[in-house]
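Residue numbers (our numbering), protein chains in the order written: chain Y, 1 to 322; chain W, 1 to 412.
Hints listed in this document are in silico derivations from the structure and should not be mistaken for laboratory results.
Hints may contain errors.
Stated by the list, open to error - No more than 30 Å apart at the CA atoms, straight line, and that leaves these computed lysine-lysine pairs for BS3-like:
(1) Y:Lys-99 <-> Y:Lys-179
(2) Y:Lys-144 <-> W:Lys-25
(3) Y:Lys-144 <-> W:Lys-213
(4) Y:Lys-99 <-> W:Lys-25
(5) W:Lys-210 <-> Y:Lys-99
(6) Y:Lys-179 <-> W:Lys-210
(7) W:Lys-213 <-> Y:Lys-99
(8) Y:Lys-179 <-> W:Lys-213
(9) W:Lys-213 <-> W:Lys-379
(10) Y:Lys-144 <-> W:Lys-210
(11) Y:Lys-99 <-> Y:Lys-144
Said to hold, decoys possible - Pulled a few chain W residues facing chain Y out of the computed Cβ check, cut under 7 Å:
(12) Ser-8
(13) Asn-212
(14) Val-217
(15) Ile-222
(16) Arg-386
What the hints assert, rightly or not - Output of the computed footprint for chain W on chain Y, the stretches with three or more beta carbons under 8 Å from beta carbons of chain W:
(17) 54–65
(18) 83–96
(19) 104–110
For every residue, glycine included, the Cβ atom is placed at its ideal position computed from N, Cα and C.
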Amino acid sequence: MSRNDDQYKNGLAIEARGLVKRFDDTLAVDGVDISVPEGAIYGILGPNGAGKTTTLRMLLGIIDPDEGVRRVFGHDRPHEIAKWIGYLPEERGLYPAMKCDDAIAFMGALRGLPLDEGKRRGRELLENHGLGHAVDRQIRQLSKGMAQTVQLLGTLVHRPRLVVFDEPFSGLDAINQGKLEVMIRDLAREGTTVIFSTHVIHHAERLCNDVAIIAGGRVPYAGSVDAARDRIPAQVRLETRNEGGEWRSALPADARHDAKAADSHFWYFPIPEGGIEALLKRLIDGKAGILSLSIERAGLHDAFVEIAGEAAARALEEENEA
Amino acid sequence: MSHEHEASRLSFFEAAWVVARRDFKAILFSRAFFFFLLGPLFPIVVGALAGGIGGQVQREAVVNTVALAMSDEDNAALVAAGEAAKDTIGGLPRVAVIDSEERESEGLTPESLLDTSEFAVVVTGSLVSPVITGTPAQISRWDGPVALLSAMASGTAPSAFPEITERPLATTAAAAKSDRIRTAQAGQLLLFLLMMLLAGMVLSNLVEEKANKVIEVLAAAIPMDSVFFGKLFAMLGVSFVGIAVWALFGGAIGALAGSAMPSLPEPALGWPLFVLLGITYFAMGYLLLGSLFLTIGGMATTVREVQTLSMPVTMAQLLVFFLAAFAMTNPGSPLELFAAIFPLSSPFAMLARAAQSPDLLPHLLALAWQVLCVAIFIKAGATLFRRRVMKSGKGGRGTKGRIAGTLPGGSA
Chain Y
1 MSRNDDQYKN
11 GLAIEARGLV
21 KRFDDTLAVD
31 GVDISVPEGA
41 IYGILGPNGA
51 GKTTTLRMLL
61 GIIDPDEGVR
71 RVFGHDRPHE
81 IAKWIGYLPE
91 ERGLYPAMKC
101 DDAIAFMGAL
111 RGLPLDEGKR
121 RGRELLENHG
131 LGHAVDRQIR
141 QLSKGMAQTV
151 QLLGTLVHRP
161 RLVVFDEPFS
171 GLDAINQGKL
181 EVMIRDLARE
191 GTTVIFSTHV
201 IHHAERLCND
211 VAIIAGGRVP
221 YAGSVDAARD
231 RIPAQVRLET
241 RNEGGEWRSA
251 LPADARHDAK
261 AADSHFWYFP
271 IPEGGIEALL
281 KRLIDGKAGI
291 LSLSIERAGL
301 HDAFVEIAGE
311 AAARALEEEN
321 EA
Chain W
1 MSHEHEASRL
11 SFFEAAWVVA
21 RRDFKAILFS
31 RAFFFFLLGP
41 LFPIVVGALA
51 GGIGGQVQRE
61 AVVNTVALAM
71 SDEDNAALVA
81 AGEAAKDTIG
91 GLPRVAVIDS
101 EERESEGLTP
111 ESLLDTSEFA
121 VVVTGSLVSP
131 VITGTPAQIS
141 RWDGPVALLS
151 AMASGTAPSA
161 FPEITERPLA
171 TTAAAAKSDR
181 IRTAQAGQLL
191 LFLLMMLLAG
201 MVLSNLVEEK
211 ANKVIEVLAA
221 AIPMDSVFFG
231 KLFAMLGVSF
241 VGIAVWALFG
251 GAIGALAGSA
261 MPSLPEPALG
271 WPLFVLLGIT
281 YFAMGYLLLG
291 SLFLTIGGMA
301 TTVREVQTLS
311 MPVTMAQLLV
321 FFLAAFAMTN
331 PGSPLELFAA
341 IFPLSSPFAM
351 LARAAQSPDL
361 LPHLLALAWQ
371 VLCVAIFIKA
381 GATLFRRRVM
391 KSGKGGRGTK
401 GRIAGTLPGG
411 SA
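So that you can see chain Y by itself, here it is in the shape it has in the complex (with noise of 0.2 Å):
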């Protein structure tokens, strides 16, 4: 997603510097900043245990950092802007008893709006999000995704100027994860700041104008996705029908050769100071047999990589293909 500095037209709805946190003898989060421009999609991107839970909790004042200072929206005390935010946490939480519109009202209540309108709008989001029939049905008899959207909406029945998820697509499935995309869209598209931690990379570079990838409860990279991406140099996939000839003396020494059949040769490399046409030219004039070419930038998972180390990187996978 490209970056609309159009929408970022009040300044940040979160400054934080140097924020440290310790339980007992572990250090769980050590000196991160983190600047969250108003009106942005904002991932916080990192393994499970490096320190975004604790992260999110700290900007939203329900625990205190130990060190460094937070600001949401301009002020220290986050719950003195508690009208302001929604904040859906890792692990869901509803009362099983409650219906379901008396939940949304519930949640809305904590955030100051009234019960009945509460009420009034949870049946309205419950409407439009094919829940209308589950209304006066208690939480225990939804099944856990309906729970789940439930909680969601929520967050935002109070309609909110910054709404914080964490972990927002664990436990949904492709299809729900798509709705939720579209969602938190939505609601930056209405000028809503929306901050969400991720363990999965894809969702984070599919939504998010700007990222803070975490790792080891620091925060190596703090900014937009595009200059995450522009920090490993754009790769050149050239695929040819010959292996070798004149032509290769045109490609630099070290690339990448990856043969996919008799007469499909892959080539990957950077490209070359002399610049692509006048390595096209030398490719045509040596025979090189071009079947395609183009030029690759490097996706956020490269950059994850790059920034946080190949063992942060691994524990993402690991957690993704679990």
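Chain W: place on chain Y using the hints.
Chain W only, in chain Y's frame:
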């Protein structure tokens, strides 16, 4: 979606009200409330079974001394008869001899003796014609032993026993003390049972909340102090509903049973004020204990942990109850003062005072102190909860001493 941010947060009490309203409704329409309503049946049954024994123990413990105010010779003869019979006859009174010289010099009469000292009865007259002064209950209890001892002392037993002259009094110092102690004991016991019942309920309510994982939603939206406050007051509200139901049933049973119902002696402050103070001390005692239990519930993650953590507090509360129960028999003593000041025993000790002493000022001071303690307990519990409980996310559990993921060239 249009944003709404006319005011940025709920006040402390508004936030507490949101929690209290939900909890109140949820508990009121739960099975737990039904069992709560049945709760008093247990102490009533146990009390009825233990009543006889308790009553006897109380009579023995409070007043069993008979004052002898006959002639010095008759007194000595009766004491000697008692000494001779004590190994073969049970149920004889302890005796205190008031000699004639003391009676004359201080102008002591049976009435003045009973008003200033804690004697069961005073025996005057002579061995052949004893006169017993005391409350009707005490006279009825001691006239037999006094007649027996008088007959033994005058040598007429077992063929003839003297006729006892009774001089009944409406009340005596000993009777008043004994009666008010009964009222205080009843009040303390009721307070203790209710508090334990409610504190247990508030504890399981919070544990259930943690099991439902709602607690983080609450903690993110409103201060934990408000959560604790709301929960405590919701349960208090539930208890008042329960008390109202019991009062209705009790009143109905009382109206049906009429004079057959047992009655408690009037407390020193009078019934209306005593009941008002009883309700207030019940509320304060519950809030004090409940805030402690909430802190425990907040720290625990499983029912087993709750049981482990709450057991010492329950035992300690039992000790505190015993302390207050013991201290009330010695009004004004350092122990009673300690029981009145120590936050967890203060409601019990002060309720006993309300039964025994007509002073109102100590109650105002005690209530102010208890309110302060409740505020401190709630604040401390909420702070502890925030520091100790929200430690990590789902993935972070069990990563003690390390952080998942490593930085290139960095240490984790």
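How the hints compare with the structure:
no.	hint	verdict
1	Y:Lys-99 <-> Y:Lys-179	23 Å, holds
2	Y:Lys-144 <-> W:Lys-25	25 Å, holds
3	Y:Lys-144 <-> W:Lys-213	14 Å, holds
4	Y:Lys-99 <-> W:Lys-25	13 Å, holds
5	W:Lys-210 <-> Y:Lys-99	19 Å, holds
6	Y:Lys-179 <-> W:Lys-210	29 Å, holds
7	W:Lys-213 <-> Y:Lys-99	17 Å, holds
8	Y:Lys-179 <-> W:Lys-213	24 Å, holds
9	W:Lys-213 <-> W:Lys-379	22 Å, holds
10	Y:Lys-144 <-> W:Lys-210	18 Å, holds
11	Y:Lys-99 <-> Y:Lys-144	15 Å, holds
12	Ser-8	4 Å, holds
13	Asn-212	5 Å, holds
14	Val-217	6 Å, holds
15	Ile-222	6 Å, holds
16	Arg-386	6 Å, holds
17	54–65	holds (count 7)
18	83–96	holds (count 12)
19	104–110	holds (count 4)
Every hint from the earlier list agrees with this structure, and none is contradicted.
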